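Trainee: Build out the structure end to end from the sequences listed, making use of the hints.
Which chain is which? The protein sequence lines are A and B, in order. Using the numbering used here, the final residue of the first sequence is 1081, and nothing's skipped along the way. Using the numbering used here, the final residue of the second sequence is 1081, and nothing's skipped along the way.
Note that these hints are calculated values from the structure, not bench results. You may find that some hints are simply not true.
Given that identical chains are not distinguished, each listed pair holds provided it fits within a single copy or across any two copies.
What the hints assert, rightly or not - Straight-line Cα separation of at most 25 Å, SDA-like style, residue types lysine to any residue; simulated pairs:
1) Lys953 to Gln780
2) Lys990 to Glu1017
3) Lys1053 to Ala1027
4) Lys980 to Ser880
Here the structure is a predicted model, which is why all the values come from computation and not from measurement.
2 protein chains.
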Amino acid sequence: MTHLDRINAAIAAIAYPAQPEQLYEPIAYTMSLGGKRLRPQLVLMACEALGGDVERAIQPAVGLELFHNFTLLHDDVMDRADVRRGQPTVHRRWNDNVAILSGDAMLTMAAQHIAQAPSKCAQQVMELFNRTAMEIYEGQQWDMDFEYRDDVSAEEYLEMIRLKTSVLLGCACEMGALIAGAPHDTCERFYKVGEQLGLMFQMQDDLLDVWGDPATFGKEIGGDIMNNKKTFLLIDAIQQAQGDDALELRRWIHDEEALRNMKVPAVTAIYERLGLRQQLEQRMAALAADVKTQLSLIDMDEEHRKGFERLVDNLLHRMS
Amino acid sequence: MTHLDRINAAIAAIAYPAQPEQLYEPIAYTMSLGGKRLRPQLVLMACEALGGDVERAIQPAVGLELFHNFTLLHDDVMDRADVRRGQPTVHRRWNDNVAILSGDAMLTMAAQHIAQAPSKCAQQVMELFNRTAMEIYEGQQWDMDFEYRDDVSAEEYLEMIRLKTSVLLGCACEMGALIAGAPHDTCERFYKVGEQLGLMFQMQDDLLDVWGDPATFGKEIGGDIMNNKKTFLLIDAIQQAQGDDALELRRWIHDEEALRNMKVPAVTAIYERLGLRQQLEQRMAALAADVKTQLSLIDMDEEHRKGFERLVDNLLHRMS
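Mentor: Here you go:
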């Protein structure tokens, strides 16, 4: 049984009360839509690599996946997103109130699962989780704030991404290490590994939105461009574009009537003229190398190290 | 220093990060609006009465108050309520997104405070809290479901109130008992005491909405009547009204254009003809007597028992 199989079995085994239907059905619906299950996999991988009992990590791992899906559920309300994983979002399928309340319940369910960590580390695990959750709310708030600002710097974007995405991957790795009873510096190092994986993950997300294959990507290409979403690419482009490119980019950003089949290819062409795809791919490759160095400093056997390295390579080359 | 002073000092001492402003300011705003602080007071009272160290109960008590205010914040979004404690609600003063996200953060902050319970009981305290939170979401969902139903029975209403209101007071009492290290049956008995206090609290709320003094009540009289809110009074009236009273009541419930200065006195008059005020006051008095019996079975000194009995009497006669 792979880690993913175990996780999916544990998610399928969550017992939802039948009533009240509008509270629990949206949670079961959300959890049934799948996803990469990256966070719970990291919990189990880190725990196993450090000699921990994977069985004792499964419920906390499922808790992190519940938490992650809770954040998506509430973010989709805030962003007015209609589709998630190819299906209607909860607030579209039901309504805003159902999405708010069932999201709240998912957050508490997440805490219930995470509290099932072995008692010797349960308090540390809960502290890590709660601290991470606060950072993620901060990241989401920055993300919303940035929509109304034209002067977001690369540093600010990086910090927002760290909070909104990276810390949860860091938390997942460290949680596995804590459950394995690893020493403090190993836990910290694994946190850093997860954080950097999160950054790579976001960079690849930004790339896929522009150069992904619509058939495998699962959503329409160019969504970030249409929404002027402050991605690594747009922020780099604003900083690096000169002359006509700078003028044209500014025009597209402020053109609220722009047609998708005009704006997306035009902005993509600017990104390509500036060589931003190569730049970002180089940054990702450098991050990947750094993660592998970090992994080489953690005491684990070759098989588990290879497992993590494969994960890094998969993240680097993922198409969806 | 009274328990209330300690609680207010601890609430005033909560350190909110300055940024992002839209995440933390609404939380500070909500917590600054005051309130009876009934739940944290119950935690400290129960803890002290059972010989526990009140200092160690303060942070968990503040956590329950954060949680309670989080539920009000999200409920106000769902109910589209404009005013809370005489001030604009968070979603009115800021917007829905701010209310959703800062509410989420309050729930996690609540868990952070509650996790500061002494380690010997921290896991039990967290379990109690999480279980209670789930019940409260269920209660809120039933409450919203009931709006669209005409056939809510007295039993269903009672169970909804138990979930939405009573269990949190039960949780507060039991939390204090757990922190004091009380034996299992004492914890359970205190939970029941809190639950019954919650029921009395809601009954008085329903009464005050009709017969309260607008000057001390803090909100406009008759809000429940105007909204056809299923209260103890309306449910009893629907069950007991006969002939002309039954017809008139039905007419007011279905008259969506009804003027406040017509509908409120008319429905109040029906309640009075049916003697519902006396009936409800009798039920409250019976509950109060039962709570006092429960209290007499718990091993605590006279001074603390008297403190609880005063609280029961205050709840019975509160005007706001």
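Trainee: For Lys953 and Gln780, with the copy left unspecified, which applies at a CA distance of at most 25 Å: within, between, both, or neither?
Mentor: between (42 Å within a copy, 24 Å between copies)
Trainee: Using 25 Å as the alpha carbon limit, work out where Lys990 and Glu1017 are close: within a copy, between copies, both or neither.
Mentor: within (13 Å within a copy, 45 Å between copies)
Trainee: Have a look at Lys1053 and Ala1027 and pick one of within, between, both or neither, based on CA distance no larger than 25 Å.
Mentor: This pair counts as neither: shortest intra-copy Cα distance 37 Å, inter-copy 76 Å.
Trainee: With identical chains treated as interchangeable, where does the CA-CA distance between Lys980 and Ser880 reach 25 Å or less: within a copy, between copies, both, or neither?
Mentor: Classified as neither: same-chain Cα gap 42 Å, cross-chain 47 Å, threshold 25 Å.
Hint violations for this structure: numbers 3, 4, all remaining hints satisfied.
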